[in-house]
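**Q** Listed here are the chains, written in short residue letters.
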Amino acid sequence: MRARQLNHLWLLISLGAILMVSAVRILTGAHGIDSIGTIRAAIIATCPILMAAIGGLWSERAGVVNIGLEGQMILGTWGAAYFTYYYGPWVGVFGAALLGAVGGLLHALATVTFGVDHIVSGVAINIIGLGASRFLAEAYFTDLEGGGIKQLTGLETPTRVTIPGISDGAEYLADKHWFLVSDLASLVGAMTTDLSLFTVLVAALVIASAWILWRSTFGLRLRSCGENPAAAESLGVNVYRYKYAAVVVSGAMAGIGGGFLALVSSSGFTTGQTNGRGFIGLAAMIFGNWRPGGTTAGALLFGYTDSLQLRDSTSVHALLLIVGIGLVALALWRLRQGKTTTAIVMGALGVAFLVWFLTTDSVPKEFAGMTPYIATLLVLALAAQRLRMPAADGLRYRRGQSI
Amino acid sequence: MNALRRLGASLLAPVIAVVVAMIITSLVISLSGSSAGDFWSVIFSRPVDRAIVNIVNQTSLIYISALAAAIGFRMNLFNIGVEGQYTLASYAAATLAGAALFPGLLNVVLPLLLAVLVGAIWAGIAGLLKVTRGVSEVISTIMLNAIAITLVGYLLNKYGVHVGNGVRSTVIPESSRLDGWTFFEASDGPVWTLATLALLLGVGFWVLLNKTRFGFDLRATGMSQSAAVASGVNVNKMVVVSMLLSGAIAGLIWMPSFFGAAHSYGTAFQAGLGFTGIAVALLGRNQPVGIIFGAVLFAFLNEQSNRLTLETDISVNVVQITQGTIVLAVVVAYEVVRRYRTKLEQRTVAEELAGQRQPAPSERATT
Amino acid sequence: AKEETTDSSDSGGAGLDCDSASGDGPKVGLAYDVGGQGDNSFNDAAAAGMAKAVDELGATCTEGEAQDDEPESAREDRLRQMADGGYNPIVAVGFAYSESVNAVAPDYPETSFAVVDGFDPDEEPNDNVAYLGFAENEGSYLVGVAAALKTETDHIGFVGGVNNDLIQKFEAGYVAGAEAVNPDITVDVKYIEESDLSGFGDPAGGKAAATGMYDNGADVVYHAAGASGSGVFDAAVDAGEGTWAIGVDSDQYLTASAEQKPHILTSMLKRVDTATFDMVSSVADGEPLTSYQTYDLAHDGVGYSTSGGFIDDITDEIDEYAEKIKSGEIKVPTAP
Amino acid sequence: MSATATSDAVLLQGIAKRFPGVIANHDVDITIRSGTVHALIGENGAGKSTLMKILYGVQKPDEGTITVDGQTVTFGSPTDAIARGIGMVFQHFMLADNLTVLENVVLGAEKLHGIGEKARSAVEQISTTYGFGLDPDALVEDLGVGDRQRVEILKVLYRGARIIILDEPTAVLVPQEVESLFDNLRVLKAEGHTILFISHKLDEVLDIADDITVMRRGTTVGEAKPDSITKHELAELMVGSELPSPETEESTVTDEVQLSLENVTVADARGRRLCAEVTFTIHRGEVLGIAGVEGNGQAELVETIIGMRKVATGRIRLGSEDMTAWGTRARREAGIGYIPEDRQRHGLLLDSPLWENRILGHQTQPPSVKGPWIDRAGAGSDTERIVKEYDVRTPSIETVARALSGGNQQKLIVGREMSGQPVLLIASHPTRGVDVGAQAAIWGYIKDARRDGLAVLLISADLDELIGLSDRIEVILRGRLVGEFDPQSVTPQDLGAAMTGANEATA
Ligand SMILES: Nc1ncnc2c1ncn2[C@@H]1O[C@H](COP(=O)(O)OP(=O)(O)OP(=O)(O)O)[C@@H](O)[C@H]1O
Ligand SMILES: Nc1ncnc2c1ncn2[C@@H]1O[C@H](COP(=O)(O)OP(=O)(O)OP(=O)(O)O)[C@@H](O)[C@H]1O
Ligand SMILES: [Mg+2]
Ligand SMILES: [Mg+2]
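Keeping their order, the protein sequence lines are chains U, C, P and R. Each residue of the first sequence is one higher than the last, beginning at 8 in this note's numbering. Each residue of the second sequence is one higher than the last, beginning at 208 in this note's numbering. Each residue of the third sequence is one higher than the last, beginning at 820 in this note's numbering. Each residue of the fourth sequence is one higher than the last, beginning at 31 in this note's numbering.
A hint or two may mislead.
Cut-off 30 Å, straight-line C-alpha distance, at most; resulting in silico cross-link-like pairs (DSS-like, lysine-lysine) [unchecked claim]:
#1 R:K340 with C:K444
#2 U:K346 with R:K340
#3 C:K418 with R:K400
#4 R:K477 with R:K418
#5 U:K372 with U:K183
#6 P:K969 with U:K372
#7 R:K141 with R:K219
#8 R:K418 with C:K550
#9 R:K255 with R:K219
#10 P:K871 with P:K1080
#11 C:K444 with U:K346
#12 C:K365 with U:K372
#13 U:K372 with P:K1150
The calculated label-pair distances, taken between Cβ atoms and stated as ranges, are [as the list claims (entries may be wrong)]:
#14 C:W413 with R:D516: 51 to 59 Å
#15 U:F225 with R:S258: 51 to 59 Å
#16 R:T61 with U:R248: 34 to 42 Å
#17 C:K365 with P:G1147: 29 to 37 Å
#18 C:L313 with P:Y1111: 34 to 42 Å
Short, incomplete list of chain C residues facing chain U, as computed with Cβ under 8 Å [as the list claims (entries may be wrong)]:
#19 L336
#20 R340
#21 I349
#22 I354
#23 T357
#24 Q527
#25 I528
#26 Q530
#27 V538
Hints were generated in silico from the structure; no laboratory data involved. For glycine and all other residues, C-beta sits at the position ideal for the given N, C-alpha and C.
Whenever a hint applies, use it, and build me the whole structure from the sequences.
**A** Rendered as structure tokens:
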């Protein structure tokens, strides 16, 4: 029952957001804020972060903090490149998962078997992952076609599909710049035009993860290990096994995120190309309060703002208006709830954004790069999170000791 | 006897760790078709005088960075933002010092204070967001890192001095330079004056944590937030204060190098120390003495690895793998040894308790 | 599946193997920037020049390579070890070496140093240092001309890796060249990162930026973004037929994948190989280069490539502009 | 099924279990008849829980054999025990707070009915059959202790256990809840289940058990039938000495008000009232007892008085000073001692040595500190004093708190909170989980201090303790004080009725 209410709330919020974006688009003429290209780019930017975040979700739901996502992701980029080069992109995806899983296995070994502090192990894995990917690239890619000691480019990319009728129709409608209709058409268009099957795989993995973790026996057991491993153990759950499974899957997911970077976000491997996306994924997961929906929202927020600022700095200016309106709306809502101070702060901020929007024509391009980071901070600061992480997240667990 | 056993146990962990790390590293090198012997003979050769100076200097930077991270860890705060904090602080201090608004040493002291202030403020934002809005410091410091680095790039481009293809802050006047002490040839370079800052901060850290009320509160909060609250600690205040402190220390990370060698913020700015610091803090178990070893080890490996490409065909990336492996191996070894020692300890407790109980007269067998 | 192109283990694309060089020419120390030999770019260009010196001058060599986030002292060390080892000249690749060469050179007055892209950071001249500078703006001007001539939408783009003075030089020249052909042309400019050097290693960022430009109607995009450039090429491939990308530093048509090749209009050439070779040969001749050496159009230090034959129809026009630059009739700006 | 089974359900023979340096069990022999309630008693640390964990497969015995339903078995994990029809409710709740009742119940037993609708109806059915009244979709964190206890039992029943181990299930329950639990147990017994029951409350044992086994120092020291033994004899068997119980002494209450609460209301983050309009005073030399079923706001009330929670409305005065706005530290400095309910979470730094634990809560007061500095020597010698005076069994004051047994941890806390002449002591369940010897000692300390003018707020689930120690008892129900009782005249049954609201109609 609670879940259904939540769904309604989300639906309302999403609808409100689309309406507002559409209105702002018409008002400012910044049609780039939700064009087909923008949405497609946002999806592409989101996927690697999302996979890392889902990886984090797996691991932390089983009670293991995985700060090593970045390292596992890096290993994934290498794995994707290596296996794609020799066996094609789908084996490459598998290779990314495999290498990421190896990183996860190392983390599981350290944290579960040896009971090492999770953060220490994660930090070590990040160092090892980066070092190993460079080392492996130097050892295996230097002499390949398109390869060098730091890169392997021109890899085959997973199949892309366009759904003929729908794609064209959506594009036609989106180009009309009508209110609401075009915005929805953009969404449809982005999902039917030149869509990488890897993106579909990512979506499937996210949904499958949510289903497995919350709807299956396996998931229940896994989550119980993150909430109260002693209780799980007392009921015959092999906690170590589930933690191992979770952390290995976590690594694999992060690795697949790395694979996406190497195969879809661009067509090649470059050392260090993850560029902190593993950490962003971690942030997205915390943002999402250790739940798949919120995590996806967090990844999308970041992916959208990041790709928007890279594609089209002028549209970033329109974001100011959106933020301003959003803030004022929130402020009014808070005011109705009787939270005056919060309402005043938000209102003032909102007005500031509106003034900024009205008095300028563009955001200085030097600042555009900060958009995703500031947006994330802003959303978090305003949402006033009541974070609830799994109760036994990050805690050492030793079999037979806490019963 | 017992003490000896314990000492042996505490030395055991690092020794096991180093051996394990060496074995793994050797394996990696051999697998890649190079000679592990070459690698170790380079790494373990006596550093030349210049390298010793560099190791000392680098140790000081890494050490300060690790302290900054450690103070957060001791409070269960994960300040990943050291990187951004010291970047912004270094830029601010360099700009102020470059402006040469003050004479002589004042032009050192005030920029140092500014660095402390800027670092503290940047970290304080994360602290405030955490206590007022419940934003996880892990997220906010990651975001603040990116913002700081972009901001500095922007400011430097806009207000910096453009020389050739580079841009930097104004070079500080001779009178504000603190080059340090030359122990070997002049060309081997000096140990920077402000490297002593690391020492001071380390002692200060130790005293603060172990000898003061404040330190007690901080450690208590880190060990058990609930117990700390019940004991009267204002945890929100502690979160903000320790973030401020962490950021303040972070602000100083690059200062020895700045006043000792770089003299301006530009290509000579050494990025990445914030992340190294986190690893070293964890390696040193967030203890001021432990961190010394970690910092020396990292500085040593980095410096020696410099010679790898010149003298062998082994990739320097191997060193990174070694460093990561050491961190992991050390903590694993510590854990194994800790388990062993807990057993020892419990045995002693039980033995002594048994000793106390034995003579109790009230016990009598009943059937 | 593809095949390995060569089977030698430690030689990159440039084919320099210092271990086997055994002539009696100059002993050269080559200090690479981050990435080292095999980076398919800058460092490889230097290595190629060195390889030529090995062949033609009987030079021998040693190599060192910078690491990410290394301290200034590490760069100095590298140079000193080479100098102590009797290497002369010592060629440092990348302007990040400017400060360290300036610090080290006075201690080794008998050794000649060169810094590619370098500059003297202080007022005291160093008379044993050569600063091998390039007129990237001039080369970029020419590819800007090519872009403006080829575009069908009068809309082109530029993707820079990091917003610093060096990359701005590329932007300035490119925009000037394009506007020389068509004053009304639209040029989108985007830097992937403001100051973080990771902007040179983020192909996903390069692709996102370039895709945005293509989506907005640009049909030619020039990149000066290092390894991120491969993302720009990918964006051109995705944008479909009739869209172009322009490479940088070396002739990137040669290293691009089969898919990318049809989209690589030309590349702006920066002849680090020439400069490196010149430096070595000047030492061999006993008259080491010193001070600022400008490798501009006039000295064949920069240029453009024609591989693929996509600009064969306009080379005459481009060359006209080149002549004007050489003669000084056109002054190419160095900052946007 | 017939309640009079002929065979023995469980036979434990020669069981021994050694932990590093500790012999938890040795030479244990117990026979448990099928279809009976078998009580296991013994002082703290006697090895009861360990023995049960062995029977449930959590621990492996070093020696001895286990026979279940006539077959010798070896258990590698709880799974094996569960397969043999054994279920266990642990001394400490083994529940995941953030999961629903349903999820907690089906966890590990998904094979039976899956985790979906079938499982839900199975849970609902058991819940109705035994009158548990549990909502399968409720989050466990929203449940009170009584309900949690029932979830634990439901877990066991869901697995079809026929041999049910209950390790101190009544420790946190009030008499009425105990009664309803016992009703449940009797039904179970009638259905042929075998129940192993551990308790420190001898009345209960005599009430419910068919057989009683007594353990001391790791081994079985005696067996008894409830109809042929008295409470007194049982206690003697257990501890080898007489059973203490707190005795009311002459009143030492003065006229001086030490603590007064006026209309104190406390709300949670969502605005729900946890305590409403609480008003009372405690005088110097007076012990005010608060009786209440756990979860009725007493924990929040205590946390409010010590300053860990904010008052929504109302005032709190200490002596003549209004301390409503003070922080916890200021309150402690003003002389409030605090024995928290959960000693490990709120009272100790488990990984710090004892002398540092002496400082905790007294960080600003001598002898722990000198100005801004920690006074290690001062804290150390005062810790030595506590260890001696309060008989804390520890090898040294450098030992970490974690290494002490629960009772000794509690004694350390009591000693600490009594030092520095507090004016007010807030004691939450000061003797919970403490063995009888230590219990008597702690009562003695509280009485002594009261005589010296200490005001005490006492919260306890042990009604005998409450009646024996208090000068006055207030009953708390749903966050309100609903009645005052004179301990001289009140019985536990009266209190229990007031605590559950059973007397609301008449009051
Ligand atoms: N995991 C363990 N490791 C070491 N020693 C243990 C462990 N568990 C129990 N012990 C020891 O075994 C002894 C018996 O403990 P047990 O928990 O069985 O006592 P108990 O009779 O259940 O006590 P209580 O009434 O307090 O619950 C304890 O005194 C303790 O010293
Ligand atoms: N999981 C464990 N691991 C190691 N030792 C343990 C563990 N649990 C208990 N012990 C040891 O058992 C002893 C007593 O533990 P516990 O707290 O269960 O005792 P208790 O029976 O509650 O004691 P008390 O009679 O004081 O209430 C302690 O000395 C502790 O070191
Ligand atoms: Mg000079
Ligand atoms: Mg027990």
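**Q** Could you run down the list of hints and mark each one as holding or not?
**A** Outcome of the hint check:
{"no.": "1", "hint": "R:K340 with C:K444", "result": "holds, 16 Å"}
{"no.": "2", "hint": "U:K346 with R:K340", "result": "holds, 18 Å"}
{"no.": "3", "hint": "C:K418 with R:K400", "result": "holds, 10 Å"}
{"no.": "4", "hint": "R:K477 with R:K418", "result": "holds, 19 Å"}
{"no.": "5", "hint": "U:K372 with U:K183", "result": "holds, 28 Å"}
{"no.": "6", "hint": "P:K969 with U:K372", "result": "holds, 27 Å"}
{"no.": "7", "hint": "R:K141 with R:K219", "result": "holds, 26 Å"}
{"no.": "8", "hint": "R:K418 with C:K550", "result": "holds, 26 Å"}
{"no.": "9", "hint": "R:K255 with R:K219", "result": "holds, 17 Å"}
{"no.": "10", "hint": "P:K871 with P:K1080", "result": "holds, 27 Å"}
{"no.": "11", "hint": "C:K444 with U:K346", "result": "holds, 23 Å"}
{"no.": "12", "hint": "C:K365 with U:K372", "result": "holds, 13 Å"}
{"no.": "13", "hint": "U:K372 with P:K1150", "result": "holds, 27 Å"}
{"no.": "14", "hint": "C:W413 with R:D516: 51 to 59 Å", "result": "holds, 57 Å"}
{"no.": "15", "hint": "U:F225 with R:S258: 51 to 59 Å", "result": "holds, 53 Å"}
{"no.": "16", "hint": "R:T61 with U:R248: 34 to 42 Å", "result": "holds, 36 Å"}
{"no.": "17", "hint": "C:K365 with P:G1147: 29 to 37 Å", "result": "holds, 31 Å"}
{"no.": "18", "hint": "C:L313 with P:Y1111: 34 to 42 Å", "result": "holds, 38 Å"}
{"no.": "19", "hint": "L336", "result": "holds, 6 Å"}
{"no.": "20", "hint": "R340", "result": "holds, 5 Å"}
{"no.": "21", "hint": "I349", "result": "holds, 5 Å"}
{"no.": "22", "hint": "I354", "result": "holds, 5 Å"}
{"no.": "23", "hint": "T357", "result": "holds, 5 Å"}
{"no.": "24", "hint": "Q527", "result": "holds, 3 Å"}
{"no.": "25", "hint": "I528", "result": "holds, 4 Å"}
{"no.": "26", "hint": "Q530", "result": "holds, 6 Å"}
{"no.": "27", "hint": "V538", "result": "holds, 5 Å"}
Every hint, counting from the list given before, is met by this structure.
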